[in-house]
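**Student:** For reference, the chains in residue letters:
There are 2 protein chains.
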Amino acid sequence: MTTEDAVTEAAADAVTRQAVDSLRATADPRLRDLLTALVRHLHAFAVETRLTQAEWEQAIDFLTATGQACTDTRQEFILLSDVLGLSMLVETLHGHSAPGTTESTVLGPFHLTKSPVRELGDSIDLVGDGEPCVVSGRVRSADGTLLPGAVLDVWQADTHGFYDVQRPDVQPPGNGRGVFTADAEGGFRFRTCVPSSYPIPTDGPVGTLLRAAGRHPYRPAHIHFIATADGHAPVTTHIFVAGDAHLDSDAVFAVKDSLVQDFTPTDDPSLAREFGVANPFRHACFDLVLERVPERE
Amino acid sequence: MTTEDAVTEAAADAVTRQAVDSLRATADPRLRDLLTALVRHLHAFAVETRLTQAEWEQAIDFLTATGQACTDTRQEFILLSDVLGLSMLVETLHGHSAPGTTESTVLGPFHLTKSPVRELGDSIDLVGDGEPCVVSGRVRSADGTLLPGAVLDVWQADTHGFYDVQRPDVQPPGNGRGVFTADAEGGFRFRTCVPSSYPIPTDGPVGTLLRAAGRHPYRPAHIHFIATADGHAPVTTHIFVAGDAHLDSDAVFAVKDSLVQDFTPTDDPSLAREFGVANPFRHACFDLVLERVPERE
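Protein sequences, first through last, are from chains A and B. Take the first sequence: its letters are residues 0 to 296, numbered as in numbering that gives the first Met the number 0. Take the second sequence: its letters are residues 0 to 296, numbered as in numbering that gives the first Met the number 0.
One chain only, chain A, in its complex shape (with noise of 0.2 Å):
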């Protein structure tokens, strides 16, 4: 470091401190906590790239396009978040990932909360016009013991790439969605097709970025779960079809190894009808893992 890099740190060094000073006073100490992180950790980037004028304008104009391409029914910053790993990494630090229980990921911006209840072996695709398949397993915790009335909320993009939400005009309300309730050995089925993998929205400023870092906007197919037990910790996560190309970058980083499902081709008379579907369907065979927690009083 040269002299003047020193002297120039060193009132950098000022500036940061009298920044975190101004903080001391916040009344709720978790907020003082977040602020003071968040003033060293931006300071320290600043230094660290010798960050200029032209390029905090640009970061200014960057950030103000963000937030006003946000609507009613659009969130570029969650996007944002999304594409920098930021959302993952706070599910990470949060999720429930027991020893031998399956793992959580994000939840995305198309759960509704109110999702069709439907009986086991319906079909959650409306349509019709995607490849044929079932998705069956159990519900259980760690040590095995199956969990009957576990209950699964269920939702996937259709065989376009699009949530029911996004295609008003192509789908019914609540295609591609349901809530299931596990039987008296904790198991569950549902017919589906096979959902595909879909780019995030490119049109805004996060569509910018990724093109800029020379980033493809798509996510691995995958259908998502909430998966409820009485006792045991809930749990948020995706099933990925195994194969398919992106799962090794998705845009928003959700993949995890253990989620990774075979979507078998199958071709068996008595699956067909126990499954009530016709010949050939994909099959996912899997199951829920949950971790037992302590009884509320």
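The set of hints was computed from the structure by calculation and includes no laboratory data. Hints may contain errors.
[As the list claims (entries may be wrong)] In silico contact screen, one side only, chain A against chain B (beta carbon under 7 Å); selected entries:
no.	residue
1	Val14
2	Ser21
3	Gln52
4	Leu92
5	Leu209
6	His215
7	Pro216
8	Phe252
[What the hints assert, rightly or not] Residues from chain A that keep clear of chain B, each with C-beta distances beyond 10 Å, as calculated:
no.	residue
9	Leu111
10	Ser122
11	Ala183
12	Pro279
13	Ala283
Nothing here was measured: the structure is a model prediction, and the numbers come from that model. The beta carbon of each residue, even a glycine, is placed where N, CA and C say it ideally should be.
Keeping the supplied structure of chain A fixed, place chain B upon it in accordance with the hints.
**Tutor:** Just chain B, lined up with the frame of chain A:
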């Protein structure tokens, strides 16, 4: 660190690595370095604070509101950068502050690229309801060479703490502004009113942040200068009024000790005659010292 914490940190590290790796193909090497450093620092912030999903949602909402508060005449993201000390930090990393020269500070949002050209001795106070004041001094090089023809672009808030563009109903355009050319001895002098401290806008998200942090929104009273002279690096700076109550707690951290000047109460017939003012008046007298730089070919 517990085993569970170590597992979580390892999983978080893996997310950070993936996000950093995704930036490898960024075509512009400087942008790649900036985005990589941004991801590393953003993730380090979240890991260090164990940022929760609820806090992340609050942050998303805050940034969205900040973007949506921006208009043609208001830049809430710059204000956010200002109150977090980032604007002053970037200024510090790149401002000219060679030994013996006038230190720089932030430009601020109220500079106009075209200010009225005025004669030495003119008043920039077109309203006349403040405390009369004379500002005078010399522009020179660090080695003492006087700089005839140096140009000073000057702007300030009025005695009520507002710039002309903020109060077009009561201030004529160009009030508090002037471009002056130094005389044959590098001398400058103009009449004005003593500026007042003023609050930055607090009716948006940044105001909410300041209140949560128990911070006042005031900037200590100051006059802005941009000084330029042939063969010298221009300097963008303020002169602060000594004795202002907010010198130690500028909302945007722009005060440097060397920039605080006495605005001396004066009652002197010969000085009053020299500057064309009535007694008593306040007098700020200082030199602006520029750094000599090699002439461009």
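**Student:** Could you run down the list of hints and mark each one as holding or not?
**Tutor:** Okay, the hints, checked on the actual structure:
Below 7 Å, beta-carbon pairs count as interface contacts, and Val14/A has one with chain B at about 5 Å; its hint therefore holds. The criterion of a C-beta within 7 Å of any C-beta in chain B is met by Ser21/A, whose closest approach is roughly 6 Å, and the hint holds. At about 6 Å, the closest approach between the beta carbon of Gln52/A and any beta carbon in chain B falls short of 7 Å, and the interface hint on this residue holds. Taking 7 Å as the C-beta contact cut-off toward chain B, the hint placing Leu92/A at the interface holds, the least distance being around 6 Å.
With a least beta-carbon distance of about 9 Å to chain B, the hint placing Leu209/A at the interface is violated under the 7 Å criterion. Nearest Cβ of chain B to the Cβ of His215/A: about 10 Å, over the 7 Å cut. The hint is violated. The beta carbon of Pro216/A comes no nearer than 12 Å to any beta carbon in chain B, farther than 7 Å, and the hint placing it at the interface is violated. Residue-level restraint check for Phe252/A holds (minimum Cβ-Cβ distance to chain B is 5 Å; threshold 7 Å).
With a cut of 10 Å on Cβ distances, Leu111/A stays outside the contact zone with chain B, its closest approach being about 17 Å. With a cut of 10 Å on Cβ distances, Ser122/A stays outside the contact zone with chain B, its closest approach being about 32 Å. Non-interface status of Ala183/A relative to chain B is upheld: no Cβ of that chain comes within 10 Å, the nearest being about 34 Å off. The beta carbon of Pro279/A sits about 35 Å from the closest Cβ of chain B, which is more than 10 Å, so the claim that it is off the interface holds.
Distance check for Ala283/A against chain B: the nearest CB is about 25 Å away, which clears 10 Å, and the non-interface claim stands.
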